[in-house]
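Enquirer: Residue numbers (this note's numbering), protein chains in the order written: chain A, 52 to 196; chain B, 9 to 581.
Simulated from the structure, these hints should not be mistaken for lab results.
Nothing here was measured: the structure is a model prediction, and the numbers come from that model.
Among the hints, erroneous ones may be present.
[Stated by the list, open to error] Here are the simulated DSS-like cross-link-like pairs (lysine-lysine), alpha carbons at most 27 Å apart as the crow flies:
| id | chain 1 | residue 1 | chain 2 | residue 2 |
| --- | --- | --- | --- | --- |
| 1 | A | K140 | B | K387 |
| 2 | B | K387 | B | K364 |
| 3 | B | K566 | A | K140 |
Spelled out, the chains give:
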Amino acid sequence: MFPFGDREGQLITLEDLPLGGPQQLAYPMDPRTKTVRNGSTLNLISLIRFDPAQLTEETRELAARGVVAYSAICTHQGCPVSMWEAHAKNLFCACHATQFDPRDRARVVDGPAPRRLPMLPIKLVDGVLTVAGGFTGRVGGERPS
Amino acid sequence: MKTTRTLLALAAVLGLVMLPATALAQGGYSPVTDQRLVKPEPENWLQIRGNYQGWGYSPLGQVTPANVKKLTPVWAFSTGVDSGHEAPPIVNNGVMFVVTPYSQVIALDAKSGKFLWRYKRELPEDFKALHNTSRGIALYGDKVYLASLDCFLVALDAKTGKVAWQKKVEDYHTGYYMTLAPLVAKGKVMVGVSGGEFGVRGFVQAFDAQSGEPAWKTYTVPGPGEPGHDTWSGDTWKRGGASVWLTGTYDPDLGLTYWGTGNASPWFGDQRAGDNLYTASTVALDAATGALKGHFQYQWNESWDWDEPDAPLVVDYQKDGRTIKGLVHPARNGYLYLLERSRERIGFVSATPYVKQNVFRSVDSKTGRPDYHAERIPKTGKRADFCPSLWGGKDWPSAAYNPKMGRLFIPANDNHCGFMEGKVQQYVAGQWWTGVDIPDIGFAVDKSAKYFGQIQAWDINGVKRAWSHQFPDSMSWGGVLTTGGGLVFTGGTNDRYFRAFDASTGKVLWQFRTNSGIIAPPASFSVDGTQYISVVSGWGVDPAFQQGLISNLLGWEKDVPQGGVVWVFAVSQ
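Chain A with its partners taken away, still in its complex shape (with noise of 0.2 Å):
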């Protein structure tokens, strides 16, 4: 669903995903109680729509038509990764500047982040994006001891 502004509670769709990004930040919808998981932003995610083929094939197994899904918190301080470096295509970390290459499982190609984006599964379920499975790593980001 967006998650805030004028379609805020709307289901996103294919076709609001422009190809090769930027993300879409939004909260999942539980389908069967239709309750909106906004409760914490902790659950935000990050939709990005590419060509399958420019997809690592390990993240190419968990995207649905090209669309892949990651946790929108970065693993550095818990910031949201609400920017996008338009240039190298790029998740961008507003608060330290870490990015991360959605077309290979999120991994860190620059800055202070220690660990990727967790990814989420998610298929296509009679044309709606639909979690397939669980995160496949902590979200969140890191405290000092």
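Model the placement of chain B on the given structure of chain A, informed by the hints.
Expert: The following block gives chain B in isolation, referenced to the frame of chain A:
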């Protein structure tokens, strides 16, 4: 003999008795009074800049140009925390307090480095901040005051580190956070808020130092009916920015505090027509009531992200044969301002460029209002190039003033420029809202330049540059300390060095390579007759981001190691 006993008794009543270095470990602690803050003892460093006036000056003179070469580490302490450490050690009669990123406070024995206690704030799981740092703590009575990242004012017991009380200042979900050290005067603890990049409306708020009850709150963007509100168009004032990133200075005689304010939100002036008071300004607030008693705006309708958050130094100087009760501010816009302070107003005296700046066509000699080159103003849908870049001639690291010399020391950055083009961004509470995404902020350097970072020394009477030390391979990101011994101490460079300069000549007399880059201001204190120089080394935040950009342009090493360490030095015997 009788006189001596009487004086000792009087000193005891006033809480002035010198405690031994292990005072806190033995259960004693010297309460911090208004009198002590107004006239701090040379042996202590009770406030982030050493005094209310913001001088960064220690009168101690044991360490001199003649013996500084023998400065050696006495002890070090790892904070166990990464990211940008921007706070100086605070020392009260042998007890040192250090605050780290993520709102942790550590108490140490200042002479031995022995660990005393640590306060760890549990930040909410969904908390995030662009700048996760802290610029310091404040002492008053038997308490330590912390402005936490998640926007609480926390009072700690100075002896134990236990929370005495805490008060919510604002809701962090909406983008508010706090990075500054509180300012305490006459029983009130004052704090200001960060968050301009998220579209907050800045303010300074005071709380009763004992009870924590709110005393007053003054917005730095005036609301309807308040003077200056008509400098905003429509509802733009509601998210107008003017964050208060740094601690104010204070003139106890006038009873006025002076605060620097951030730029406006969003960053592009054409989205909020008008001068936009009191953004990019110095404001004078009555410490007792919060009433606005004067202001000076450096840039009207600000459009370059040139915050002016560093409060002006309270300095009296000579001009045209008379003593002016003044304010001195090396501004992010690249000009060195001399202002005049009074109970009623802040007056303009002069503005002198100290780095290359190509935005101002002129500065009005009476009012200080700049006239802009139109082509240098970035707008919505219109790119403009400008110098210096958004990090300015001097960002938040503070300058220092040596009253024996009448000399100001500025950590300056030159030969860098920026370019931006604005766009209209939809406002979402707690989300980035500047009108430009960070990957689209342009940064450039003059590749033929012989230097970038500098330490500049200026004689304030006459506004003349005395010397400049230039760093060809680094920016200058360190706050400055100057001493009665005629020295200047600062770090700030990407090579991790902590340096001592001769304040008279600018010659580097001593340097020591620390664990990380230093972006915190040093402090000086003495215990049992020995003068110590102390600084926290811990690179991060903006210097780290900027270093990454420059590494792409000039090939500088990108990997400046992080992790905080408190260093304490003394002259070896």
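Enquirer: So, for every hint listed, does it hold in this structure?
Expert: Here is how each hint holds up against the structure:
no. : hint              : in the structure
1   : K140(A) / K387(B) : 25 Å, holds
2   : K387(B) / K364(B) : 22 Å, holds
3   : K566(B) / K140(A) : 22 Å, holds
Comparing the model with each numbered hint stated earlier shows that all of them hold.
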